[in-house]
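Engineer: Listed here are the chains, written in short residue letters.
2 protein chains.
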Amino acid sequence: MLDSIPSFARLVAELSKLPGIGKKTAARLVFHILRRPQAEAEALAAALAEIKRKVRFCSRCFSLTEQDPCPLCLDPARDDRLMCVVEQPQDLIAIERSRSFRGRYHVLHGALSPLDGIGPEDLRLAELLARLEGVVEVVIATNFSVEGEATALYLADQLKKQGLRVTRLAYGIPMGSDLEFVDEATVNRAVEGRREL
Amino acid sequence: MLDSIPSFARLVAELSKLPGIGKKTAARLVFHILRRPQAEAEALAAALAEIKRKVRFCSRCFSLTEQDPCPLCLDPARDDRLMCVVEQPQDLIAIERSRSFRGRYHVLHGALSPLDGIGPEDLRLAELLARLEGVVEVVIATNFSVEGEATALYLADQLKKQGLRVTRLAYGIPMGSDLEFVDEATVNRAVEGRREL
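Heads up: the sequence lines are chains D and H, in that order.
Using full-length UniProt numbering, the first residue of the first sequence is number 1, and each one after it goes up by one.
Using full-length UniProt numbering, the first residue of the second sequence is number 1, and each one after it goes up by one.
Each hint should be verified, as a subset may be incorrect.
Identical chains share a label here; the pair holds if one copy fits it or two copies do between them.
[To be verified] Simulated pairs of lysine-lysine, DSSO-like, Cα-Cα distance not exceeding 27 Å:
1. K23 with K54
2. K161 with K17
3. K54 with K17
4. K54 with K24
No lab work stands behind these hints: they were computed from the structure.
Since the model is a prediction, treat every value here as computed from it, not as a measurement.
Let the sequences and hints guide you as you build the complete structure.
Structural biologist: Written as structure tokens, this is what we have:
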């Protein structure tokens with residue numbers, strides 16, 4: 001039956017590629033879209049077509065941005081002596097939401113994971129080391145997972161060699177969790193209680 | 001932070017309009033899309049833009065189709081003496097999947113629900129009554145919910161006046177459930193055990 005509606009089958013197939021969306025959920029979404037006005041489907045299509053064209057990585061901090069360098073890197077009100085290192089752009093967003101950090105950021109785009117074959121050269125580590133002039137303290141805010149902790153230790157080692165103060169977000173964030181999903185108050189407390197590594 | 005990436009915020013807002021997708025899930029989907037190749041986002045956008053333009057209701061049975069009349073209405077191998085009445089196109093798909101019915105279909109696009117102000121004139125009822133020539137038996141496959149049952153009784157009343165045999169899918173499908181999500185074997189048994197109303 002659905003074979004005779006190729007555009008239906010195609011949208012189900014495309015939606016099923018998204019994480020957490022199986023064939024049944026995808027079909028439910030398509031029926032919903034078919035019941036809504038044409039303009040709504042077109043707005044979603046336009047937003048999708050637009051995002052990959054407009055959003056890129058900032059050439060300084062490697063966070064997501066529509067202009068390069070990103071507004072955070074250009075903001076003159078931020079403290080150049082403080083640098084916060086995160087795994088992913090969504091971690092940066094979690095910290096910004098907590099309004100507890102007023103320095104600059106650097107996004108590694110991953111964490112060290114020898115088992116998955118991810119070494120220092122697969123992260124934006126060289127780019128971090130190249131932009132530390134004037135920085136006094138590096139706050140390491142990688143995730144509190146095994147990979148995130150290993151990355152923090154590796155980074156601390158590298159950075160201390162350069163005579164930098166290296167801190168880590170305070171425990172208080174449960175082990176094994178992803179920063180992205182932690183509530184703002186907890187992130188805030190963790191930033192304030194950051195400790196020497 | 002996200003305010004400075006309007007295309008990101010826009011896609012999150014559009015995705016959040018879909019059923020079962022909140023702001024956090026939407027953000028997770030957007031991060032996924034940003035990690036994937038441009039072609040994948042464009043394929044999804046194209047499928048979305050296409051579906052509302054291509055898919056319409058069949059002018060005979062009111063199911064979803066890309067050609068009018070739909071392939072099911074035009075199929076000469078189907079039995080014109082049997083007519084199955086369902087609430088939604090997805091119910092038709094559930095029955096087709098069970099391969100237990102070889103007649104024609106009619107999609108009401110809803111069920112009677114006085115509390116929600118949905119009366120007979122809000123459904124495709126007049127269109128059903130206008131296409132019963134040559135039909136011997138009407139199989140009522142509305143959902144087994146309060147509204148679906150009320151619609152079945154109302155329909156049976158109308159159709160019997162015209163001297164038609166009226167049957168209902170056999171119980172066996174749990175009360176309160178939606179046909180769309182019932183497994184094929186159960187739907188098959190229910191079609192075979194349909195009873196006189």
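Engineer: Taking 27 Å as the upper bound on the Cα-Cα distance, should K54 and K24 be classified as within, between, both, or neither?
Structural biologist: Between copies, since 21 Å is at most 27 Å while 31 Å is not.
Engineer: With 27 Å as the alpha-carbon cut-off, assign the pair K23 and K54 to within, between, both or neither.
Structural biologist: between (29 Å within a copy, 21 Å between copies)
Engineer: How would you classify K54 and K17 at a CA-CA limit of 27 Å: within, between, both, or neither?
Structural biologist: Intra 22 Å, inter 22 Å, cutoff 27 Å: intra and inter.
Engineer: Using 27 Å as the alpha carbon limit, work out where K161 and K17 are close: within a copy, between copies, both or neither.
Structural biologist: neither (44 Å within a copy, 50 Å between copies)
The structure does not agree with numbered hint 2 stated previously, though it agrees with all others.
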